[in-house]
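Chemist: Please build the complex by placing chain B on the supplied structure of chain A, with the hints as guidance.
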Amino acid sequence: MAKLKPEDLEKISQKMRKMTILREGTGQAKVTVHMGTCGIASGARKIMAAILALVEEKNIRDVIVTSSGCAGLCSREPMMTVELKGEAPVKYVDLTEGKVRAIFAQHVMNGNIVVKYALAMGSERVS
Amino acid sequence: MAKYRMNLMLCAGTGCVSNKSIRISKVLEEELKKHKLEEEILVVLTGCNGFCAQGPIMVVHPDGIFYQMLTEKDIPHLVEEHFLKGRPVKKLMYTPSKEEIPVPKMSDIGFFKEQRLVALRNRGLIDPEKIDESIARGGYSALAKALTSMTPEAIIKEMKDSGLRGRGGAGFPTGKKWEFAARAKGEEKYIICNADEGDPGAFMDRSIVESDPHSVLEGMTIGARAIGAHHGYIYIRSEYPIAVERMKKAITEAREYGLLGEDILGTGFDFEVSVHRGAGAFVCGEETSLIASLEGRPPEPRIRPPFPAQSGLWGKPTNINNVETWANVPEIISRGGSWYSQIGTDTSKGTKVFSLVGKVKNTGLIEVPMGITLRKIIYGIGGGILEDKKFKAVQTGGPSGGCIPEKLLDLPIDYERLTEVGSIMGSGGMIVMDEETCMVDVARYFVDFLRGESCGKCTSCREGLEAMYQILTGICEGKGKEGDVELLEELSSAIKDGSMCALGGTAANPVLSTIRYFKNEYQSHIREQKCPGGVCRELIHYLIDEEKCTGCLRCIKNCPSNAISGERKEPVNLDQEKCIKCGVCLEVCKFKAVLVE
Chain A
1 MAKLKPEDLE
11 KISQKMRKMT
21 ILREGTGQAK
31 VTVHMGTCGI
41 ASGARKIMAA
51 ILALVEEKNI
61 RDVIVTSSGC
71 AGLCSREPMM
81 TVELKGEAPV
91 KYVDLTEGKV
101 RAIFAQHVMN
111 GNIVVKYALA
121 MGSERVS
Chain B
1 MAKYRMNLML
11 CAGTGCVSNK
21 SIRISKVLEE
31 ELKKHKLEEE
41 ILVVLTGCNG
51 FCAQGPIMVV
61 HPDGIFYQML
71 TEKDIPHLVE
81 EHFLKGRPVK
91 KLMYTPSKEE
101 IPVPKMSDIG
111 FFKEQRLVAL
121 RNRGLIDPEK
131 IDESIARGGY
141 SALAKALTSM
151 TPEAIIKEMK
161 DSGLRGRGGA
171 GFPTGKKWEF
181 AARAKGEEKY
191 IICNADEGDP
201 GAFMDRSIVE
211 SDPHSVLEGM
221 TIGARAIGAH
231 HGYIYIRSEY
241 PIAVERMKKA
251 ITEAREYGLL
261 GEDILGTGFD
271 FEVSVHRGAG
281 AFVCGEETSL
291 IASLEGRPPE
301 PRIRPPFPAQ
311 SGLWGKPTNI
321 NNVETWANVP
331 EIISRGGSWY
341 SQIGTDTSKG
351 TKVFSLVGKV
361 KNTGLIEVPM
371 GITLRKIIYG
381 IGGGILEDKK
391 FKAVQTGGPS
401 GGCIPEKLLD
411 LPIDYERLTE
421 VGSIMGSGGM
431 IVMDEETCMV
441 DVARYFVDFL
451 RGESCGKCTS
461 CREGLEAMYQ
471 ILTGICEGKG
481 KEGDVELLEE
491 LSSAIKDGSM
501 CALGGTAANP
511 VLSTIRYFKN
521 EYQSHIREQK
531 CPGGVCRELI
541 HYLIDEEKCT
551 GCLRCIKNCP
561 SNAISGERKE
571 PVNLDQEKCI
581 KCGVCLEVCK
591 FKAVLVE
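Here the protein sequences line up with chains A and B, keeping their order. Heads up: the first sequence runs through residues 1 to 127, numbered per our numbering. Heads up: the second sequence runs through residues 1 to 597, numbered per our numbering.
Keep in mind that the hints were calculated from the coordinates and are not lab data. Just so it is clear, CB atoms sit at the ideal spot from N, CA and C, and this is done for glycine as well. Possibly wrong hints are sitting among the right ones.
Quick list of the computed label-pair ranges, beta carbon to beta carbon [said to hold, decoys possible]:
(1) A:Asp62 x B:Glu80: 21 to 31 Å
(2) A:Asn112 x B:Lys34: 34 to 44 Å
(3) B:Lys90 x A:Ala88: 20 to 30 Å
(4) A:Ala88 x B:Asp263: 53 to 63 Å
(5) A:Lys5 x B:His276: 28 to 38 Å
(6) B:Lys113 x A:Asn112: 34 to 44 Å
(7) B:Ser149 x A:Ala41: 54 to 64 Å
(8) A:Gln14 x B:His276: 34 to 44 Å
(9) A:Lys58 x B:Met69: 34 to 44 Å
(10) A:Glu87 x B:Glu80: 29 to 39 Å
(11) B:Lys33 x A:Lys58: 25 to 35 Å
(12) B:Lys145 x A:Glu57: 31 to 41 Å
(13) B:Asp388 x A:Gly111: 44 to 54 Å
If we strip away everything but chain A, and leave its shape as in the complex, we get (with noise of 0.2 Å):
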């Protein structure tokens, strides 16, 4: 293995935030798919591979990708929420991947909801 230099460090540690950056809790951007029995079986799994291939396509550092439960809309499976920092979180349904591929570049990357794919925004009042 090379010896490093001191500008080194800072390259592993950029190379290595990618996988540790999550342990941190923050980022831009979640983006939770809901794995839910309805949503695996309507291709949840497609997704939520989808997304991880695309993040780490664009080299994509400060996005959290996560799973959560089913949101409760079964019928309209696969459903994704958006949530920038800051920002509202975004439901998204009836995904597809390339769906997602859209939500991600508009969305994620540039902070754009896309409408046409979006059911609501916010989310459900817990009591």
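Modeler: Same frame as chain A, but now just chain B:
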């Protein structure tokens, strides 16, 4: 490198490993594979998480969900529910005692909320066996800063500004210690890391080495640069196999990256480290004994001066610091001495790691700012006394620390204040005792430990501790006489004055502090032949409360000496002649019908 959507931080500190966390990690990986999640979810084996009472522990990121007391059986369900379907599993979460709703997030759990991590900054967040993970958390950036943009004088100034004091026990200012070693004349100088943690119930240093060995190596290398040393030793207990293994691995990795060895980071500075496994004598925590042991001689302390800074290992200028001290160094260099000195009290800066053990609900490893009160530690972080019994005392500073009573619980902790009340900071052991503890018996226990660990060089320590032990045993057995307490006090000052090192110098603390705060217990033993804590066998009787006894006969089944007799649904009889006072009946009785007098 693949992008993971989830990191599972599974604790692989000694505590959790003993509770089978390594086996759990295997099952976890198999289950993830079964669901084809292995490329989306990463399992990371971390060092000690700190909340050892609840182990094995796993923290799930990015959400920070805290799972506890895991078993292999829980894993298939957990993987399917949470990791595949995204539904966190409530029954594996932590529920504080007396509450019903579990707390999902680690950051909301009382045990973690009050803590402030500096020395333990990477605990549970990195895999200690992967140097890249340490670098991702800023590891070795302080070393790069120290080597490329700071003179040795500037490093020492930063350390002096920080106000950091030796975390091994004595609390000597670290910057000043480095300055002495830096000014000492000599071609050859040495750096030593004292990882010979000998206090019963203490595991601060072990956990730091297990969870973040690179922070210790980085600290040592910065210290070496400051004093001009090119070789360092890590003196670590042989009883710490995981720590030894991780440290060796860390050294190998650091060497491969050129962060140890010749021409570190291409700056021309050389520093090499060797690991020395100690055979585990308590006195080796004393620096001159440690040096003797490292040189292959029996671990006996010697008179100082000359201090190791002038004449240490092989007679060369040597700087010794403890593990926790070294782990603080990189953070001080990165963030500045003035940042560090903002934390803590006037005389004691920064944070301190304690191992919180004994009769407290949340046992584990904690790091808190200096100046926090004992009450906050025991009742806040510690969650109070086990089974909600009454608090009696807390012993700080290891076997030669003192016992602090309830009236002093609001004492802010720092080096000076603990000394004022007759205890010491020590390396950070903290043993909580409840109402069922006998303080004379506690003093006897620690004196027994110290009498075995005294190296025997100074007569007053060797013979004095033995004499104290005999007197304390006499008191516990009901053979105490008037004048015993005064004799103990006299012996204490003789041991303190006549011993060369800190072992003898502080050995009387457990005796003196229990006499100071719990004299009534000594008096009941001596004058009334009674043990208020209900511990000393020769002085207690077990009795049956006839009103509470339901005649379930559970005690009869369990009594090893057939001392209890009776009929079902009638109060039982206890034959005092046959009773061997083992206390089994008290333990098995569900109706609190067994009394101790």
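Chemist: Decide, hint by hint, whether the structure agrees.
Modeler: Here is how each hint holds up against the structure:
{"no.": "1", "hint": "A:Asp62 x B:Glu80: 21 to 31 Å", "verdict": "holds, 29 Å"}
{"no.": "2", "hint": "A:Asn112 x B:Lys34: 34 to 44 Å", "verdict": "holds, 40 Å"}
{"no.": "3", "hint": "B:Lys90 x A:Ala88: 20 to 30 Å", "verdict": "holds, 27 Å"}
{"no.": "4", "hint": "A:Ala88 x B:Asp263: 53 to 63 Å", "verdict": "holds, 54 Å"}
{"no.": "5", "hint": "A:Lys5 x B:His276: 28 to 38 Å", "verdict": "holds, 31 Å"}
{"no.": "6", "hint": "B:Lys113 x A:Asn112: 34 to 44 Å", "verdict": "holds, 38 Å"}
{"no.": "7", "hint": "B:Ser149 x A:Ala41: 54 to 64 Å", "verdict": "holds, 58 Å"}
{"no.": "8", "hint": "A:Gln14 x B:His276: 34 to 44 Å", "verdict": "holds, 37 Å"}
{"no.": "9", "hint": "A:Lys58 x B:Met69: 34 to 44 Å", "verdict": "holds, 40 Å"}
{"no.": "10", "hint": "A:Glu87 x B:Glu80: 29 to 39 Å", "verdict": "holds, 32 Å"}
{"no.": "11", "hint": "B:Lys33 x A:Lys58: 25 to 35 Å", "verdict": "holds, 27 Å"}
{"no.": "12", "hint": "B:Lys145 x A:Glu57: 31 to 41 Å", "verdict": "holds, 35 Å"}
{"no.": "13", "hint": "B:Asp388 x A:Gly111: 44 to 54 Å", "verdict": "holds, 53 Å"}
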